[in-house]
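4 protein chains.
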Amino acid sequence: MTAIGKTRWAIAEGYIPSESTGPAPALTSHETMCFLNASDQDAQITITIFYEDRDPVGPYRLTVPARRTSHMRFNDLKDPEPIPRDTNYAALVESDVPVVAQHTRLDSRQAELALLSTIAFPG
Amino acid sequence: MTAIGKTRWAIAEGYIPSESTGPAPALTSHETMCFLNASDQDAQITITIFYEDRDPVGPYRLTVPARRTSHMRFNDLKDPEPIPRDTNYAALVESDVPVVAQHTRLDSRQAELALLSTIAFPG
Amino acid sequence: MTAIGKTRWAIAEGYIPSESTGPAPALTSHETMCFLNASDQDAQITITIFYEDRDPVGPYRLTVPARRTSHMRFNDLKDPEPIPRDTNYAALVESDVPVVAQHTRLDSRQAELALLSTIAFPG
Amino acid sequence: MTAIGKTRWAIAEGYIPSESTGPAPALTSHETMCFLNASDQDAQITITIFYEDRDPVGPYRLTVPARRTSHMRFNDLKDPEPIPRDTNYAALVESDVPVVAQHTRLDSRQAELALLSTIAFPG
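Protein chains in written order, with my numbering: chain A, 150 to 272; chain B, 150 to 272; chain C, 150 to 272; chain D, 150 to 272.
Keep in mind that the hints were calculated from the coordinates and are not lab data.
Some hints could be false.
If you want the ones that stay clear, here's a sample from chain B, every Cβ over 10 Å from chain A, calculated [said to hold, decoys possible]:
1. Gln190
2. Arg210
3. Leu211
4. Asp225
5. Pro233
Derived PhoX-like pairs: lysine-lysine, alpha-carbon spacing no greater than 25 Å straight-line [to be verified]:
6. D:Lys155 to A:Lys155
7. B:Lys155 to C:Lys155
8. D:Lys155 to B:Lys155
9. A:Lys155 to B:Lys155
10. A:Lys155 to C:Lys227
11. D:Lys155 to C:Lys155
Covered by chain A, per the in silico footprint, the following chain D stretches (three or more residues, Cβ under 8 Å) [said to hold, decoys possible]:
12. 228 to 236
13. 263 to 270
Think of the CB as a built atom: it goes at the ideal place given N, C-alpha and C, for glycine as much as any other residue.
Please work from the sequences and hints to get the whole structure.
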């Protein structure tokens with residue numbers, strides 16, 4: 150299958166609320182970067198997290214296998230360090246093969262969930 | 150009328166919640182790919198669904214007639230197989246004439262609905 | 150000021166819920182095409198509405214003055230005919246000067262509002 | 150680190166609700182332009198606000214330091230003048246180095262918040 154997408158993506162809006170309502174993990178407040186790797190090669194992905202008041206942190210590493218999607222929760226990033234909650238961040242994604250990246254937040258701070266999503270910016 | 154759009158589109162975020170609140174089918178939790186075929190030719194569209202842990206499934210086939218829109222619910226795809234609920238997926242769309250593709254989720258797992266939408270990624 | 154944008158835009162998702170909760174007109178369920186005309190010339194805009202099961206309707210005509218924004222509610226279109234509620238549609242926008250077009254729905258069918266928005270597809 | 154993004158961005162949808170529910174400032178109704186400056190140079194940014202019925206206002210000035218994100222609330226703009234609440238606006242952003250711009254609204258007019266977000270239009 151032909152690859153689709155780009156090798157660099159960015160989102161500028163990042164924020165993981167510390168509070169949640171409803172059953173975990175489905176309704177835990179979270180932000181996701183969803184990847185589609187439609188190519189026949191595994192994608193080696195590195196993510197750099199930017200903050201408002203300190204140096205960027207990374208790289209975080211992730212493999213998205215060939216012909217697979219991966220919905221990566223920013224909440225789950227651990228190495229080199231977790232992303233703090235209730236903190237503004239941004240993310241730069243670099244991949245060795247073209248992928249598609251889409252950003253989503255499920256926000257359950259209040260009793261009823263809210264959602265946002267956008268295709269990330271292809272650089 | 151002149152065609153507008155592209156012949157390949159992708160979304161990386163796909164997830165159909167199994168639970169819903171409110172009258173069906175309008176408020177059933179669903180994800181949609183909305184197509185606009187502004188051209189004077191019918192569009193023959195094929196959709197491939199990607200998963201996190203198994204091979205892609207498809208093609209699903211759909212015709213969007215000339216000068217028509219079609220709001221296709223991923224919930225309704227049946228052949229070759231339905232998309233399981235509560236499961237992460239992604240979608241690649243290929244068309245023989247240029248179309249515009251926009252992705253939407255209506256999520257009514259909780260009492261009050263949430264919405265997301267984005268123009269898909271044109272490949 | 151230099152113009153920014155494109156002269157053709159499309160959205161594929163269109164749907165105006167017939168039901169609303171909360172004070173009108175702010176919280177009436179509605180869909181909007183928001184225009185930015187940053188140029189020094191008035192923009193003459195035509196809109197064509199596409200349906201699933203009948204021929205497109207239009208042109209609807211709108212002027213966005215130079216150096217102005219206009220947030221046009223699809224609910225308010227009247228000539229040549231209103232857009233029916235609870236009906237899937239799509240929209241093609243053509244302008245004689247470059248503008249930016251962004252699509253939004255405020256959905257208040259249930260007690261708590263939901264929102265979606267995306268930059269339209271530039272053709 | 151290599152810069153990513155563009156030097157001009159626009160959003161056409163702008164609206165800051167005057168009413169809010171929930172603890173301030175996190176759940177105050179607000180609109181944000183989130184910036185990512187992944188480059189090694191500080192970004193000098195100017196913002197022009199467009200209205201439906203009067204001349205544009207600006208420039209508003211903002212610095213996004215090298216290798217930082219900044220989530221700027223439109224609510225907080227003061228110089229040359231605040232953006233009035235419950236008023237349609239649009240925004241044009243110009244930067245001297247490439248940045249990524251993403252637009253978000255958190256709307257808490259009703260008891261449960263709603264969210265929208267989209268990558269802005271790169272000009």
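Against the structure, the hints come out as follows:
At roughly 23 Å, the least C-beta separation between Gln190 of chain B and chain A is larger than 10 Å, which holds for a residue marked as non-interface. Listed as outside the interface, Arg210 of chain B is consistent with that label: its C-beta sits roughly 17 Å from the nearest C-beta of chain A, beyond the 10 Å cut-off. Every CB of chain A lies more than 10 Å from the CB of Leu211 of chain B, the least distance being 19 Å, so the non-interface label holds. Here Asp225 of chain B stays apart from chain A, with its beta-carbon at least about 20 Å from theirs, past the 10 Å limit.
Remark: the non-interface label on Pro233 of chain B is consistent with the geometry, its nearest Cβ contact in chain A lying 13 Å away (cut-off 10 Å). A hinted pair counts as satisfied when its Cα atoms are at most 25 Å apart, and Lys155 of chain D with Lys155 of chain A qualifies at roughly 16 Å. A hinted pair counts as satisfied when its Cα atoms are at most 25 Å apart, and Lys155 of chain B with Lys155 of chain C qualifies at roughly 16 Å. For the hint linking Lys155 of chain D to Lys155 of chain B, the alpha-carbon distance of about 23 Å falls within 25 Å, and the restraint holds.
In summary, the hint linking Lys155 of chain A to Lys155 of chain B is supported, as the alpha carbons are separated by about 16 Å, within the 25 Å threshold. A C-alpha spacing of about 42 Å is found between Lys155 of chain A and Lys227 of chain C, which places the hinted pair above 25 Å, so the restraint is violated. For a cut-off of 25 Å, the pair hint linking Lys155 of chain D to Lys155 of chain C stands: about 16 Å separates their Cα positions. Note: the stretch 228 to 236 of chain D has 0 residues with beta-carbon separation from chain A under 8 Å; the three-residue rule is not met and the coverage is violated.
With 6 residues having a beta carbon nearer than 8 Å to a beta carbon of chain A, the stretch 263 to 270 of chain D meets the requirement of three or more and the stated coverage holds.
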